[in-house]
Amino acid sequence: MKYVLMFVETEQFAKELAAMGELEQQAAYEAVGRWFAENTDKITHHTHLHPVHTATTVRLDQGDPVVTDGPFVEGKEVVSGFAEVEVADLDEALALARTWPACPIVEIRPAS
Amino acid sequence: MTASTGEPEGAQASQEALARVVREHAGRLAASLVSLLGDFSAAEDLVQDAIETALRRWPAEGVPERPDAWLFTVARRRGLDVLRRESNYRAKLAQLTWPQPTTRDDRLRLIFTCCHPALSRSAQIALTLRVVCGLSTAQIAAAFVVPETTVAQRITRAKRKIGEAGIPYRIPVEEELPERLGEVLAVIYLLFNEGYLSSTAERAQARDLVDDAEWLAALLANLMPKEPEVAGLLALIRLHRARGAARFDAEGRLVLLADQDRSLWDCQAIGEATALLMRTARAHHRPGPYQLQAAIVACHAEAKTFADTDWAQILVLYDMLLHQAPSPVTRLHRAIAVRYAMGVEAALAELMDLGDVLEGYPLFHATRAELLRDLGRQEEGRRAVERALELTANPAQQALLEQRLGWD
Chain Z
1 MKYVLMFVET
11 EQFAKELAAM
21 GELEQQAAYE
31 AVGRWFAENT
41 DKITHHTHLH
51 PVHTATTVRL
61 DQGDPVVTDG
71 PFVEGKEVVS
81 GFAEVEVADL
91 DEALALARTW
101 PACPIVEIRP
111 AS
Chain G
1 MTASTGEPEG
11 AQASQEALAR
21 VVREHAGRLA
31 ASLVSLLGDF
41 SAAEDLVQDA
51 IETALRRWPA
61 EGVPERPDAW
71 LFTVARRRGL
81 DVLRRESNYR
91 AKLAQLTWPQ
101 PTTRDDRLRL
111 IFTCCHPALS
121 RSAQIALTLR
131 VVCGLSTAQI
141 AAAFVVPETT
151 VAQRITRAKR
161 KIGEAGIPYR
171 IPVEEELPER
181 LGEVLAVIYL
191 LFNEGYLSST
201 AERAQARDLV
211 DDAEWLAALL
221 ANLMPKEPEV
231 AGLLALIRLH
241 RARGAARFDA
251 EGRLVLLADQ
261 DRSLWDCQAI
271 GEATALLMRT
281 ARAHHRPGPY
291 QLQAAIVACH
301 AEAKTFADTD
311 WAQILVLYDM
321 LLHQAPSPVT
331 RLHRAIAVRY
341 AMGVEAALAE
351 LMDLGDVLEG
361 YPLFHATRAE
371 LLRDLGRQEE
381 GRRAVERALE
391 LTANPAQQAL
401 LEQRLGWD
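Taken in sequence, the protein lines are chains Z and G.
Okay, so the first sequence: first residue is 1 according to the numbering used here, each after it adds one.
Okay, so the second sequence: first residue is 1 according to the numbering used here, each after it adds one.
Hints were generated in silico from the structure; no laboratory data involved.
Owing to the predicted nature of the structure, the values given are computational and were not obtained by experimental measurement.
Heads up, some of the hints might be wrong.
What the hints assert, rightly or not - Once the Cα atoms are required to be at most 25 Å apart in a straight line, the calculated BS3-like pairs of lysine-lysine come out as:
hint, chain 1, residue 1, chain 2, residue 2
1, Z, LYS42, Z, LYS2
2, Z, LYS2, G, LYS161
3, Z, LYS42, G, LYS161
4, Z, LYS76, Z, LYS15
For reference, chain Z alone in the conformation it holds in the complex:
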């Protein structure tokens, strides 16, 4: 089955990451790189999103399209990236998510 893992950052996590020294940050990025390398046989595609302050939202359900600055929901938790994986079932997707070394929340959705 195909699933998308959505990596979700929290304010707390962003703060901690920003407060890290250069070496620490580098180690954190390396851990993420290793995770992708170790699971390369299951990951079919992945995307990293730029920070939420770069987001622009278009609403199409109120007459003319309305363009606004920012994400469609303001929240303390924001999606920072996606990985599309091909695994047997939800348990396998959960096992992958459990080993994710970075941001503290991962949402898993079946995809087609």
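Chain Z is fixed; fit chain G onto it per the hints.
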């Protein structure tokens, strides 16, 4: 899914007996049909239809000699009838004959799927009762005093999630087992608690969830003999049930442990459950939270009188329990043991820093009320009882608290 049928008045007791026969067979049938069709939801619908047909027809026609074969035949026929579009399912069903080749008991897979952590707790509970225990939606709704449509929706949603999110139908692998077994035990324990706390004389007619919980724990203990916590939970449930007859007085009022007539306790059941617990402890040397809770209940159950209770031993067990599973409610229970082992003032001191977390928990205020009364602080005690009353919805507990408002 079909709508529930109206049941004639007074048929409830025999319905209960029939439901027990169904329970012995429904889960097995569901397990084998899920394996066969590879579709949890479709298989479960067929079994549920067969159960509803049985509950409708058996009261008049009598329970068939082979209820399992009867349920199997009805489910199979129904499948051939309704699964017209799913021609591959029909082909699989058409090949099925009775008796089926007896392989291993597949109900363990069923239990783990129903209690998958990707399902909400209320969905896990409803699904386990329906799929593993063979309860109808109406029976589940009656047991939890919620509308039938609520239960039906919960089950439909859970079954859709199993199919669409790809929740597997299998026993978890070794690394996942501790966590996954924890989910299953939590579901059974909650079921037990729900039944145990809501059991009052008035509700004697309702489905006995305690019975279902014990049955599930026994089934699981049978299927997983190497897991000491399963045996621990089974012993815990049996130890509580063994004292059931003394929990209510003739007017249906709750009787506190200290005031219970211990001659009403089932000594044989207590002895057997305690022996199970000892055997398990000796064989595994892995005391977990359920074994420890059962050991605490065993200490109470083995005391001939309330004064004979070995409070020092109970305190040791609570400390072990808190070490493994810290919880404010467990600390509250420990404080009650402290009262008898070390004195009222010491117990009240234990409650001091629990006030914030347990402000909304009626038993906290009821316990505090008793300690305050023992210290002669009547007015504070009365206020604590009033607070406990505001917080509890359980009629038996309310009655007990109302009695105590009369203290002076």
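Hint check results:
Of the pairs offered as hints, the one joining LYS42/Z and LYS2/Z holds, with about 10 Å between alpha carbons and a cut-off of 25 Å not exceeded. Using a Cα cut-off of 25 Å, the hinted pair LYS2/Z and LYS161/G holds, with the two alpha carbons roughly 15 Å apart. A distance of roughly 22 Å separates the Cα atoms of LYS42/Z and LYS161/G; the hinted pair therefore holds under the 25 Å criterion. A threshold of 25 Å between alpha carbons decides the hint, and for LYS76/Z with LYS15/Z the separation of about 12 Å falls inside it, so the pair holds.
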